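Novice: Generate coordinates for the entire structure from the input sequences, incorporating the hints supplied.
Note that the protein sequences, when read in sequence, are chains A and B. For what it's worth, our numbering labels the leading residue of the first sequence as 1, then goes sequentially. For what it's worth, our numbering labels the leading residue of the second sequence as 1001, then goes sequentially.
The hints are simulated quantities; they were obtained by calculation from the structure and are not laboratory data. One thing to keep in mind: the hints can contain errors.
Here chain B is said to cover these stretches of chain A; the calculated rule only asks that three of the stretch's residues, wherever they fall, bring their Cβ under 8 angstroms from a Cβ of chain B [as the list claims (entries may be wrong)]:
id: 1; region: 340-348
id: 2; region: 530-543
id: 3; region: 599-611
Calculated lysine-lysine pairs in the BS3-like style (CA-CA distance at most 25 angstroms, straight line) [as the list claims (entries may be wrong)]:
id: 4; chain 1: A; residue 1: 108; chain 2: A; residue 2: 54
id: 5; chain 1: B; residue 1: 1298; chain 2: B; residue 2: 1325
id: 6; chain 1: B; residue 1: 1216; chain 2: B; residue 2: 1342
id: 7; chain 1: B; residue 1: 1049; chain 2: A; residue 2: 417
id: 8; chain 1: A; residue 1: 792; chain 2: A; residue 2: 712
id: 9; chain 1: B; residue 1: 1216; chain 2: A; residue 2: 497
id: 10; chain 1: B; residue 1: 1050; chain 2: A; residue 2: 532
id: 11; chain 1: A; residue 1: 759; chain 2: A; residue 2: 792
id: 12; chain 1: A; residue 1: 741; chain 2: A; residue 2: 623
id: 13; chain 1: B; residue 1: 1049; chain 2: A; residue 2: 351
id: 14; chain 1: A; residue 1: 417; chain 2: A; residue 2: 498
id: 15; chain 1: B; residue 1: 1049; chain 2: B; residue 2: 1068
id: 16; chain 1: B; residue 1: 1186; chain 2: B; residue 2: 1258
id: 17; chain 1: A; residue 1: 110; chain 2: A; residue 2: 54
id: 18; chain 1: B; residue 1: 1220; chain 2: A; residue 2: 497
id: 19; chain 1: B; residue 1: 1186; chain 2: A; residue 2: 351
id: 20; chain 1: B; residue 1: 1216; chain 2: B; residue 2: 1186
id: 21; chain 1: A; residue 1: 498; chain 2: B; residue 2: 1216
id: 22; chain 1: A; residue 1: 712; chain 2: A; residue 2: 759
id: 23; chain 1: A; residue 1: 532; chain 2: A; residue 2: 571
id: 24; chain 1: B; residue 1: 1298; chain 2: B; residue 2: 1258
id: 25; chain 1: A; residue 1: 497; chain 2: B; residue 2: 1049
id: 26; chain 1: A; residue 1: 498; chain 2: B; residue 2: 1258
id: 27; chain 1: A; residue 1: 497; chain 2: A; residue 2: 351
id: 28; chain 1: A; residue 1: 623; chain 2: A; residue 2: 498
id: 29; chain 1: A; residue 1: 417; chain 2: A; residue 2: 623
id: 30; chain 1: A; residue 1: 623; chain 2: A; residue 2: 759
Values in this document were obtained by computation on a predicted structure and should not be read as measured data. Note that CB positions come from ideal geometry on N, CA and C, so glycine has one too.
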Amino acid sequence: MRISIEWLKEYIDIEMTAEELADALSMSGTAVDRVHTLGGGISGVVVADVREVKPHPNADTLSIVVVDDGETVREIVCGAPNVRAGMKYPFAREGARLPAVSSKPLKKAKIRGVESAGMLLSAAELGISEDHTGILELAGDAEVGADVHQALPLEDIVLELEITPNRPDCMSVVGVAREVSALTGAPLRLPSVELDESGPPVDTLARVILEDPQGCPRYTARAVMGVKTGPSPAWMQRRLTAAGLRPISNVVDVTNYVLLELGQPLHAFDLDLLAERTIIVRRAARGEPMRTLDGVDRQLDEATLVITDPSGPVAVAGIIGGEDSEVTESSANILIESAHFDPTSILLTSKRLGIRTEASARFERGVDPGGTAFAAARAARLMNELAGGQVASGEIDAYPEEIKPRTLELRPSRANKVLGTDLGAGEMAGILQSLGARVEAGEALTVTVPTFRPDLEREIDLVEEVARINGFDRIPETVPQGGGLAAGLTPQQRLEKKMLAGLTAQGLSQAVTYSFMNPADLDLLGLADDDKRRRVVTLLNPLAETGEGMRTTLLPGMLRVAGGNINRGSKDLALFEAGRAFISQGEEVLPVEIDTVALLLAGDLHPQHWSGRQTACDFFDLKGIVENLADVLGITVLEFGRASEEFLVPMSAAVLSAGNEYAGYIGQLHPRVASAFDLEGDIYCGELLAAPLLAAANESVYSPVGRFPNVKVDVAAVVDEAADAIEVERVIRRSGGDTLKSVRLFDVYRGPQVAQGKKSLAYALEFGSASGTLTDEQAHRRLDAVIASLQKELGASIRGREREGEAR
Amino acid sequence: MDENSMNEIEQLTQERPELAALARESLDAIEAAGTPAELEETRVRLLGKKGSIAAVFKGLGSLPPEEKRTLGQIGNALRTLAESELTARAARLKDAETKERLLREATDVTLPGRRLPQGHDHLLARVIDDVTDIFVSLGYKVVAGPEVELDFYNFEALNTPPHHPARSLQDTLYVRRSDPVSDDPKDILLRTHTSPVQVRVMESERPPLYVISPGKAYRKDEIDATHSPVFHQVEGFAVSEDITMGDLKGTLEVFARKLFGEERAVRFRPHFFPFTEPSAEVDVSCFVCAGGGCSLCKGVGWLEIMGCGMIDPAVFSHVGYDPEKYTGFAFGGGVERIAMLKYGVDDMRVFFENDMRFLRQF
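Specialist: Here it is, written out as structure tokens:
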């Protein structure tokens, strides 16, 4: 909503500067988005009369215009489509200053071979609106040769207001003036509706039949007979253009002017084009045809409220007029419609038809049902004043059931309890009265709310009004006590933080991606048809570019992040994302949302350094990261088994389980999948499920560090190539007994020194005791037991057993 | 040099000038040794079995007692002197050698150090952490909610009227159902804000409640510099028997100053939200111009950071709280917006592109 301060001052005295006013409005809930300064710095522009319009010899779209600027008559070139002989326009003489056009004075120009000294101006060139469509027509009574500032108050400041949806009343100049009045205490001056009702009684001229009082609770009409249409005066044109509307003709401009002034949308019908001079308000029949003012032929439906005459629709109620009854230059008798329509009906119809107009924007938020008669009278008065004719006496007011003002109670104690203030009942009453409410004192205030405030329905709405006008900045600041014992992170949340910190500490950077997925990505991964991750939550109205489902795995998103980075030249990647995967449980219930951590490694894990060479990352870098994470979380039951994920290299993939619960997978991305995602080189990736990992986490436990040195022995077991290292380790641990303090695999050997199809796994074992230093003999007895078990349980042969420090 | 030993020797050798010469020669030889190996040779030459000092003791047994004693004394003094000079020379040589070696091995301290790989938090995660930490320190607990949500929690229970524009297919992403009904509370959608968590928590718990809830939210916005279909919000609310709007103001002022700096001013502009009343938008004074007006704040001097208000009694009614007994406040802000303001990021897309060159900056 654009509000001209010049116009606003017609209804209220304002002492503040425009900036102070903008601030006061913003701080009371009417946000000022921008402040426009109009028409400043203009000079050398006068009112000119166009004597003649001739075609340009070298251009079809240009004209040669004979202009009288009061001093001389000259020919200039003009490109405006609306230039007409006998009309008056603002004319910039040579040397004129037009800040909206240029910082330099206007110069003589040669346009398509014709000399042109000066130009006729549009509203945009004067800087009073954005309207470039034609030159600005001035009123017929403007004095030729007079400075344009005399014909038109050009200098103005326009506030661009953001009106919240609950405040339809502020979509008008008077409504904003009322807000200012409440804020400053200056009295509000309503515009005059005094009428000279010299015409015949209105009910002898027209008839209104209200068939749908639900859709249209009130329909007020007035008639003005024998008007003469023409351009409206410059002051009205300027105010309309300042508000962003285009002047059309005095009759139509008056309806728009009152819409802006009072917030009541009006419609002007050519009374002579209404069949039987009768208005019927009803729902349309299904498929009923109508051509609206925008020139579109429409098929209406039963939900659409229409204004009709007995021959058919003449307007879509509250939204747009029809072409058939449009006011034209030849219209003489005008019927002014000032109605109240049901907001929801207007909202739905406007949405269905895809039309939003100044009228519909107001009706859908709720226009004052009590204000229709005032607005009709105001429009009749202005029309009479600008276009002559006679105002028919009386009004038609179809209002079967009066919408009465609401009465609410406001307990001052309640208001103070909600706000944390100490305001007196009198202060509250004063504020509400300044907003147009009637207030009766008592234990609670009895507040009769004006009908132009449909948003005031409950006590809390009044509390807000009190707070808003009194000023939010006058509410004293306090801090509540907080949740005490219930406050802070849960142990689970602390672990979650620890988990993510454990990843960044290991060199992985965090990515955040969209939660969408294209189900086709699952085909790229090669997931089986019955895979759980095929249960995708699909969207009804997805965005074209982001995929039509919710992700069931974070992997495709991670692969795209990797691809993007590799394409941009970052080839060494260590990334993770912590986010949710969504598994559908059927379309009538919410999906399961699984907190997941995706991992990805590519290229070299360590930054290249001048002192050494890089090494490409591999499976064991990724596994090591997960093992460290398990350490950080105190997980002792994490196990890696062979995974069978379709998108991983079959023999380089592990499934994780934590305490027998599935906890994710890690592995090397299958080259087929890598190329499907346009990735080159080896990619190692995984997904961890947060819940089972966090459930398996333990607090760290202290165990006394032995005071006696451990005995270190090495042993190498030769086992079948197919045997898993974890099996060998399990046997060692089981047979090592209490004194076995640590087991570390330090070498895996395949080659000439072991048989074909075998591998040698070398372990460093440490034996120790809290009660004393073990003797070599004791340690070797334990080692003998370990060796015996390896031989017996795994058929292993022993390649060597050595004391540390002895030659190998 | 050991002055006492030298004086003693000079006295003793007044009668024996050849031994005085030996003493001087020994000292010169020790001083002349330039390496540990040369020094060792000198030691052998002087003190070895066939050394020149050892020779002094030779044939000592056949001398008369008087002479024997004098010569023994001289011999011992010579030996002591040589030994102590050898030790001192060895130490000096070692020092010189160490010095020279360290000089040879000099480190170019301007070469880059060897660093362990360093991971980086995502900027959005960092902002979420910063915001969450502030509220945890004010006595809040952290609660998460589902991102795929029922219309009831996202709109209905938050007092959003049917046909509200936010509920349209143009604004909200809906989950496909075989039999969709418009404005149906059973509709499933991607939550458009984190506020449904308010309803979920109030439904299952009783006041007093102090809750902060960060998370993803979704809207049907085409991707550009200032819009993203996926974004993050932080929701917070407090409900108790005596929560006031003054509490809301005080809390958010503490929050804004902790996050954006102690010197920031905070203001509350009345606004409208369906689920709070009174409602406000929260501005902080511009970081760049501190209120004077600049391009960041578009000349206003203030930056909008979040929306807030007193929880609407209608919301309490939906969860079965007595609005006469309980009052509460709620607030919510966009994480991306806070990150953009605080770190001067001018394009929302960088948050989701995950370019390593971006990630490494935080």
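Novice: Tell me the numbers of any earlier hints that the structure contravenes, in ascending order.
Specialist: 5, 7, 10, 13, 14, 16, 18, 23, 25, 27, 29
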